[in-house]
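*Asks:* Residue numbers (my numbering), protein chains in the order written: chain A, 109 to 455; chain B, 109 to 455; chain C, 109 to 455.
Honestly, the hints are just simulated from the structure, not real lab data.
Built from N, CA and C at the ideal position, the CB exists for glycine as well.
One or more of the hints may lead you astray.
[What the hints assert, rightly or not] From the derived model, a few chain A residues whose C-beta atoms are all more than 10 Å from chain C:
#1 118
#2 119
#3 127
#4 175
#5 235
#6 271
#7 299
#8 306
#9 330
#10 417
[To be verified] Under 10 Å between C-beta atoms, here's a sample of chain C residues computed to sit facing chain A:
#11 211
#12 246
#13 285
#14 289
#15 291
#16 298
#17 303
#18 304
#19 325
#20 328
#21 343
#22 380
#23 425
#24 444
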Amino acid sequence: MAHTLGELAALLGGKLQGPPDLVIQGIASLDRATPRDITFIAQKRYARLAAQSRAAAFIVGPDQAQLERPLIIVGHPYLAYARIAALFAPPRNRWPGVSHLAFLGQEVELGQEVSIAPLVFIGDGVRLGDRVTIMPGCVLGDRVQIGGDSFLHPNVTILERCTVGQRVIVHSGAVIGADGFGFVPGKEGHQKIPQLGTVVIEDDVEIGANCAIDRGALGETRVGRGVKMDNLVHLAHNVVVGDNSLLVAQVGVAGSTKIGKGVALGGQVGLVGHIELGDGVQVGAQSGVNRSVPSGQTVSGYPARPHQEWVQIMGHLPKLPEMYKRLKELEKKLTELAAKLPEEAGE
Amino acid sequence: MAHTLGELAALLGGKLQGPPDLVIQGIASLDRATPRDITFIAQKRYARLAAQSRAAAFIVGPDQAQLERPLIIVGHPYLAYARIAALFAPPRNRWPGVSHLAFLGQEVELGQEVSIAPLVFIGDGVRLGDRVTIMPGCVLGDRVQIGGDSFLHPNVTILERCTVGQRVIVHSGAVIGADGFGFVPGKEGHQKIPQLGTVVIEDDVEIGANCAIDRGALGETRVGRGVKMDNLVHLAHNVVVGDNSLLVAQVGVAGSTKIGKGVALGGQVGLVGHIELGDGVQVGAQSGVNRSVPSGQTVSGYPARPHQEWVQIMGHLPKLPEMYKRLKELEKKLTELAAKLPEEAGE
Amino acid sequence: MAHTLGELAALLGGKLQGPPDLVIQGIASLDRATPRDITFIAQKRYARLAAQSRAAAFIVGPDQAQLERPLIIVGHPYLAYARIAALFAPPRNRWPGVSHLAFLGQEVELGQEVSIAPLVFIGDGVRLGDRVTIMPGCVLGDRVQIGGDSFLHPNVTILERCTVGQRVIVHSGAVIGADGFGFVPGKEGHQKIPQLGTVVIEDDVEIGANCAIDRGALGETRVGRGVKMDNLVHLAHNVVVGDNSLLVAQVGVAGSTKIGKGVALGGQVGLVGHIELGDGVQVGAQSGVNRSVPSGQTVSGYPARPHQEWVQIMGHLPKLPEMYKRLKELEKKLTELAAKLPEEAGE
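Next up, chain A with everything else stripped away, as it sits in the complex:
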């Protein structure tokens, strides 16, 4: 898996500043790189670490071109890092074909070069596209459909009738299509509302470990194209997530809430049900959003409000004890002052 520095520069379309035949065997962070590795400087604040780095070469932006080490100069070093990382990624072992230790139901349709590992359960009427990979311990309910080149890590569960697009990655322990949380409350107990809908995961989505995405009560729960979800995220029934949104770990979204395109939800954010977040909305970590947010707005806090307002409020919060003291002091002084004034007639 070794490459020369010249090859890497050509691949990245970058400017080479150093020996083209230098052999690079891996990529590593500035502090951990060995003389066999290339590294990268994606943020200026890390540039000071370059001098001590043992790396053989550096991927840098034009602002670091003065660095006296072998360099590949590119417009977007972080993107270049992603591409080189892909180059050095160890190949994944896929099961060659369909293991005879997997269980397949009836009328299963498999594309070309599908990989189904041992100890996998595939229900009736499941359809898998070309080059789909199903790792051990996965369970696919009846009539699940998965598009080409998707990859299910071990112990993923996809319940009946849910559909997954192409090039989707689902990490271990994720559950897609469990029943939504729907009950008619009553004094004699809560009556279950059968959850008849499904989940639709569009193309190029990535779903983190131990996420839970519920099926629609009626209709669908939908995760739009290119959405990336971190670990332990909860999506309730009939939630819609717009294309290319990012949901950081432990986010929870209540039922029927609609999230626009290109939205970013910080870690542990909670959204109440039946609201809408417009395109490009950003929500700060741990915020609780209890009403709709217009497109482009950044909100924070609990309950969430425009980020700058929240920052202002939080900046004043520590002054509260002192404010209380000063308020009492003022009241006392004012009383004293009033007492000094001559009594007026008529009062």
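Model the placement of chains B and C on the given structure of chain A, informed by the hints.
*Replies:* Same frame as chain A, now just chains B and C:
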């Protein structure tokens, strides 16, 4: 699975207003219903959507009887929806009998019509009631007991000696009976306290995907009859949840806390250990409850307090920066005013 | 599994006050103990429950020596309880050897007395130390290494190349080594950064049910010796947790954050990425930590600040509505007062 409108009206005990022989093939939401579907209006605010709906017929309350469409008029449209949804729910495929690709330990007792799918592990001495369903990937530890008509979705884990009642539904990825988090802290490391207890899940409980319910340290962790838990909920050792309580997604309850009957905990709520929530307590989403709450109270916030108080405080929070400014202004004015007063002798 | 009170006293090195030949058959809490059980009083406030307890005997500290019941008097009753609980813990059933219903890849190296249950998947090049136990439904990726005496509960997933130390306990549903959440954002979608690193779990760690610990982007995510993690905890890529730290349920730690030794994070705490918590830091439940915290400090709140400050602020928060009222009142009074003053020339 088609039914006539007359059949549905009879089933619901509702008043039919329209053609009894109209054929209904499914149920759908107002906006997604086709002319083959019945739909429902459970909340007045959705009534305005009725005109555009393509639905063949509507389940409505008496307040919507004027709607000039085929109607079934009932006292509780939401409950009627739940019942009709059950009617149209696609039948679940259960494995017919015990798969020879499942592993069963010794002295396992099975009721009638038990369904055990492939790739299931059943430990020694497990007892399953009539019509229990165990889907693929489930693991039941030694001496687990499950009551009749309970349904374990794929990849559920129930650890040794835990018991589950009748008609319980456990969603995928849930773990019942892992060790509680119990250690004796020490300078040389934390000594594990063996967790000797169990978990008891009573009848008619539903447990969401990827929940984690720990066994008691000594004695039990207990989830009362009719409790419904959403996804990713954590119950620590020796927690007790009273009958018919609702725990929304991502709730966390620390050790030995006792939750009364008919309690509702909003999403992402956290409860500290060793407190008691009385019957009928309601806790707003994301709240942190750090002391016991008497029956019937609604609390919110962090730390949680009576809901109306919290709303009042949150309403004033945005005024904090302005208050600070006004306070400073007052101080300045008061100083100026004091300066205008004639100096008094003796001060 | 019965023991005499004398045996237990000798084991604990405690002072026996009662009949040495009293037979003890189990350990239970004060309120649930039967005349066959020993119980313990670890906190003074529970001492009042002793009179009603049906327990055969009590483990107590020197301050309870006056109790007129069979006693074992020890310096640290809670630790003594942990040791007696270990004595009475029911033996765990381990699979004797390697089940022929488990799947083992190529070049797997097994230590002595390894237990591999049915329905386990072990990838190529995996190495398991002596007496390792792998329960049903577990999946170990290629080249995973696990040290001696470690125990994987059912349905655990450990992805390729991750390493686990000795005497580690991993609870059901935990996922170790899923991809970190790394993307280069772009208008045409987010480009995945391949996650090349691994996870290293050191000796004596315990990991709760349904935790998710991501592999490093480059380099490692590392969980130090003796760390104990409760359920549903999320560790992002390249997080480092120092020795003997405690992470309570539903904690989330963002990427590259470094947690010192002996740190305690309360339930549902969130830590942003790229910060450092010094040794011995304590963080209150539900806090959000957005900057580094020096060693030894206790912080709380959102954003987290020194605990005493936070308590003070929270103590004043309920006064906010009243403060606002008093502030307005003051303004009014001041205006009135100013009006009473004689007009000054030049103003």
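*Asks:* Under the constraints set out in the numbered hints, which ones does this structure not fulfil?
*Replies:* none
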